[in-house]
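Each chain is listed here by its residues.
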Amino acid sequence: MSTKTILLIDDEQSLLEPLAEALEFEGYRVLKARTADEAFDYLNREEIHLVTIDIMLDPGVECGDNVDSHRTGLYLCGEIKKYWPEIDAFCISVISDIRIIEQVESLGIRFLRKGETPLKTVLNMFRSRLTGIAYSTERDRHPPRDASNRGN
Amino acid sequence: MSSNDPCSEQAQREVTQLRKENDSLRAHLDRVEKERVEYLQNVSHQLVAPLNAIKWHIENLTETRMGVERAKKVLRSIYSQATIAVHLAKNFNLMSNLEADHALSKLKEPLKEIALRQLLVNLADDFQPLAWDRNINIVVDEDHFADGPPVWAMRPLVSQVFSNIIENAVKYSSNDTHVTIQGTYIAENDCFSVAIQNQGIPLKPEHTSMVFDRGFRSDEAKRKYPAGTGFGLYIARRIVEIHEGRITASSQKHPTIPDDWITLFKVTLSVKGLQGKARMREY
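These protein sequences, in sequence, are chains X and Y.
Using our numbering, read the first sequence as starting at 1 and increasing by one per residue.
Using our numbering, read the second sequence as starting at 1 and increasing by one per residue.
Hint data in this document are derived by calculation from the structure and do not stem from the laboratory.
Glycine included, C-beta positions come from ideal geometry on N, C-alpha and C.
Hints are not guaranteed to be accurate.
Claimed, not checked - Derived list of chain Y stretches under chain X, where covered just means 3 residues or more per stretch with a C-beta under 8 Å from a C-beta of chain X:
| no. | stretch |
| --- | --- |
| 1 | 35-47 |
| 2 | 130-140 |
| 3 | 193-204 |
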């Protein structure tokens, strides 16, 4: 299997450290962007297979004038769907503003709330999207041999 | 009553005036309500985020086979996120006291001797893991940290002053920079001054006093860190005032890096603190 690349967009990357850890442990290549500018840099330069987007984040200098930092992620969701529709996208945020969540989901992007979604669920969803194999609870209970045997 | 009745005209003017006042009050209430909702959302954001990181780290520990070294690293991250969560919870507790218009001294903290150097070293250690995230180094400058007598103060509150300033300095610093902490004992005034300097977003001259106002956030701060509440420095000012100390901010453009500013926060506390005065007096 060729290495898949996942881009995590969040201004506080320390909060996504456990996710990054788990993804790297599973063999994915993980890139991190803290601003919308950095995210666009990666999207333009790298072959990204899956992206996670936070909602409230620094737009950066290039995007700064056009975007409200409370909705930077929503702007990114729209741009990614428009220019990189082949990339699987998830929104991972703590926001509870139902209007923003509806707008995210109307773009066909799954919204996962931090604090409510177990890491295991997130990883299963990512695996499922990246492999095309549907997620099932049965697979959870019996993880693939290569993943479960991989020690450190 | 005829339409020319002066009483009727007077009554109409009063009704119009009352309507205007009512509209103005309603608009004010709407603004306050909007601010309150935004504040609660930001509080929730700030608290949930580190707690979620802790939950996810624990899932990693329990569900992934990992070596001892990696497990230690994860535990250090859990400790770091828990430290941030405790710091935030303390802030919200202090803030709720202020919002309820209670005096902070009602917290009835006894005055204690505080060795500021050690306190600041501990706080720098607490915030360093967060700072590493953007390659920011917090340095307690031992060469510029004069030893003086310990300061008499309410330790948890003074600790919160410095943790709020350090947290702020880290949040608004540019990547790959330093936050520097220095201390000076001023013998003639028998006070201790702590200077915390960082390099990052501008603090414009017109904002150097407003930055301590309740809820104030500059446009640059909102852009860099949208989920802030604007209460950290307000709490710091209130606590310093209770100790009859002084807190100031100043900022200037970086001499060589065009977009960066050097910002300096200075806290001065009397060494004797509130000793000799009514220790638990109400403020």
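Exercise. Please flag the earlier hints that this structure goes against, numbers listed from lowest up.
Key: 3
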